[in-house]
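*Asks:* Here is what each chain is made of, one letter per residue.
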Amino acid sequence: MRLPTPRTAVRLLVAALCAAALLQAMRPTVYSTRVGVDTVRAAGEQNVTRVYREKLEYLSRELHRQVPAGTRIVVVEKVVDLQLRLVEFAYMHGVFVVAPEDKPDLEIYLQEDPAAPHGVRLLTRKPVTA
Amino acid sequence: MITTVLAVLILVVAGLPLAYALTRAVPLALVLAPIAGAAVATAAVLLMLAFTGPLMVWFVPVYLLTGVLAWRLRDRPRLPSSGWRDAALTTLPLVPPMLRLGSEPVTWDTHLIWWLHAGYFTQGGDFARSAIGNPVLTFSHPDYPPLASAPVALAWQVLDIRDFYPAAFVTGFLTLSAIAMLVHAVRVATARGHALLSWPAAIATGYAAWTPLWIIPTAGFSDAMCACAFAAGAVLLFFARPFAGLLPLALFLASSAALMKNEGLSLVVALALVGTVKLRRRAGPLWIPVGVAAVWSVTARLLGAETDVLAGGRFNALLHGDADTLGRLPTILGFMAGRVGWIVLLTVAAALLGHLFLRRARADLDLGADGWLWAVTAIHTAGLVFIYLITPYDIHWHLSTSIDRVMIAMAVLSCASAACWGVTALSGLSAPTAYTSTAPSTAPAASMTHSAPPPG
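Sequences listed follow chains A and B, in order.
Oh and the first sequence: position 36 is 48 in my numbering, straight run, nothing missing.
Oh and the second sequence: position 415 is 549 in my numbering, straight run, nothing missing.
By construction, these hints were calculated from the structure, which means they are not laboratory data.
No experiment lies behind these values; they were computed from the predicted model shown.
Wrong hints could be hidden among the right ones.
[As the list claims (entries may be wrong)] Quick list of in silico lysine to any residue cross-link-like pairs, SDA-like style, CA-CA up to 25 Å:
#: 1; chain 1: A; residue 1: K90; chain 2: B; residue 2: F273
#: 2; chain 1: A; residue 1: K138; chain 2: B; residue 2: V270
#: 3; chain 1: A; residue 1: K115; chain 2: A; residue 2: A128
#: 4; chain 1: A; residue 1: K90; chain 2: A; residue 2: V52
#: 5; chain 1: A; residue 1: K115; chain 2: B; residue 2: E440
#: 6; chain 1: A; residue 1: K115; chain 2: B; residue 2: V270
#: 7; chain 1: B; residue 1: K412; chain 2: B; residue 2: Y299
#: 8; chain 1: A; residue 1: K115; chain 2: A; residue 2: H105
#: 9; chain 1: A; residue 1: K90; chain 2: A; residue 2: A55
#: 10; chain 1: A; residue 1: K67; chain 2: B; residue 2: Y299
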């Protein structure tokens with residue numbers, strides 16, 4: 013067996029280093045593919061994330077239905093995640109969110125209600141002035 | 135499902151004229167169309183913010199202008215590697231890792247940054263201007279550039295919906311387009327190597343967009359699209375064979391990256407600085423992406439948006455050599471190395487060996503010198519380190535919530551270097567093949583071409 017020349021050996025070494033770097037970088041892609049295949053297989057199945065997404069879409073629709081565009085509101089909600097999501101939905105539907113001291117037209121808040129879709133109702137009320 | 139398909143269709147149709155003007159080839163234009171559509175929507179958003187009025191009032195004339203541009207440039211030579219087979223090889227391998235796009239679109243950043251911005255863009259200029267300056271929305275970073283949000287706003291507005299899945303697929307196709315353009319750029323740069331080496335190397339570079347965290351390209355973030363669009367532009371500028379038509383495409387990709395994420399500004403500034411050192415007086419066009427980024431930065435500041443990292447940051451403490459601030463450095467570098475350390479180490483080793491022993495082989499492939507891209511990567515990384523040093527947030531929290539995203543640029547730039555050196559190294563083991571591009575070989579040389587390194 014003939015040994016490679018030094019130049020060929022350098023080429024093989026460079027190629028091996030590049031291949032190692034690229035393979036290392038591709039590892040997460042393989043995992044993403046596996047998760048993606050699982051996602052496609054599980055399409056349509058009920059799961060916790062889907063329930064959460066449907067709840068968010070319901071709250072967005074409710075806000076759109078109850079609060080006219082152009083209204084200045086304040087969001088009264090203790091759960092920070094839901095509070096910020098309601099701010100998002102407000103801006104999607106042309107509703108302006110202001111600080112409580114900036115004279116909002118309405119307050120919106122959530123109330124647990126087992127009879128409501130997703131166990132929660134979006135409600136509005138006139139702000140209570142101090 | 136139907137609205138999701140229609141939303142993607144709107145994105146592609148919105149971008150097709152501009153993409154065709156840049157490529158003069160329908161197959162490659164279809165690959166580029168999502169980014170071009172987002173750019174057209176972004177131009178409409180910027181005009182809307184400047185002059186007020188509804189989004190569509192500004193979108194229609196901008197769109198018609200791109201149509202006129204496409205018509206006037208139709209006779210220019212088409213870009214290399216722009217046929218149907220090339221477009222298929224560029225995009226189809228990316229489909230499997232993008233399948234996760236079908237998962238539930240509920241991520242925090244996507245909703246509370248990019249889609250919230252899209253939401254106020256749908257409401258017209260006055261509403262959007264008030265929203266950007268509203269201190270209640272500081273958590274949503276209204277200073278972030280509009281390119282990831284504008285196409286979602288366009289699709290929502292045209293379809294009169296505010297649904298999440300169509301938004302997720304618009305964002306996903308935008309990311310797919312950016313990664314595909316990176317694959318295209320590496321393929322164009324290495325086209326003189328054997329196709330069986332060039333294509334796998336290009337596709338592997340595209341796959342690096344999933345590093346360091348696999349979920350980022352499909353979860354609605356704009357980091358992967360920014361990193362890949364920029365890397366595609368930089369590879370075309372520094373590595374690709376001289377061809378006049380590539381310069382506008384490269385500048386378009388870099389400018390788009392500058393409007394996808396704040397880190398895009400750091401990237402295009404690094405590109406312009408390095409390009410100026412390399413090209414001196416001919417480097418003027420490289421400052422166009424910086425100008426584009428500046429337009430947004432000024433607009434956001436004028437409308438009252440603040441950048442949280444810079445407001446109340448530790449810049450003065452850093453200037454005075456504050457031990458606590460400087461003491462963050464090992465933590466920052468440790469986090470960075472933990473994400474892409476091995477990839478960078480292997481690639482730098484390959485690049486150094488290549489620079490010492492394979493420069494002639496690289497010149498034979500018409501591949502531009504590698505050091506310029508590493509200089510851009512180094513300057514951008516220094517910028518990131520600076521931001522982490524002065525951040526007003528707890529450094530561990532800030533790093534743990536962002537490092538996986540901001541390191542994508544370093545991963546794809548390193549892998550682009552690795553791909554080119556890999557093709558160079560292996561091409562020399564067999565006889566080089568003829569250049570088989572569909573581009574005319576007599577095309578005028580670009581003014582921004584690389585100069586081949588001296589034979590090593």
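*Asks:* Which numbered hints does this structure break?
*Replies:* Violated: hints 3, 4, 7 and 9.
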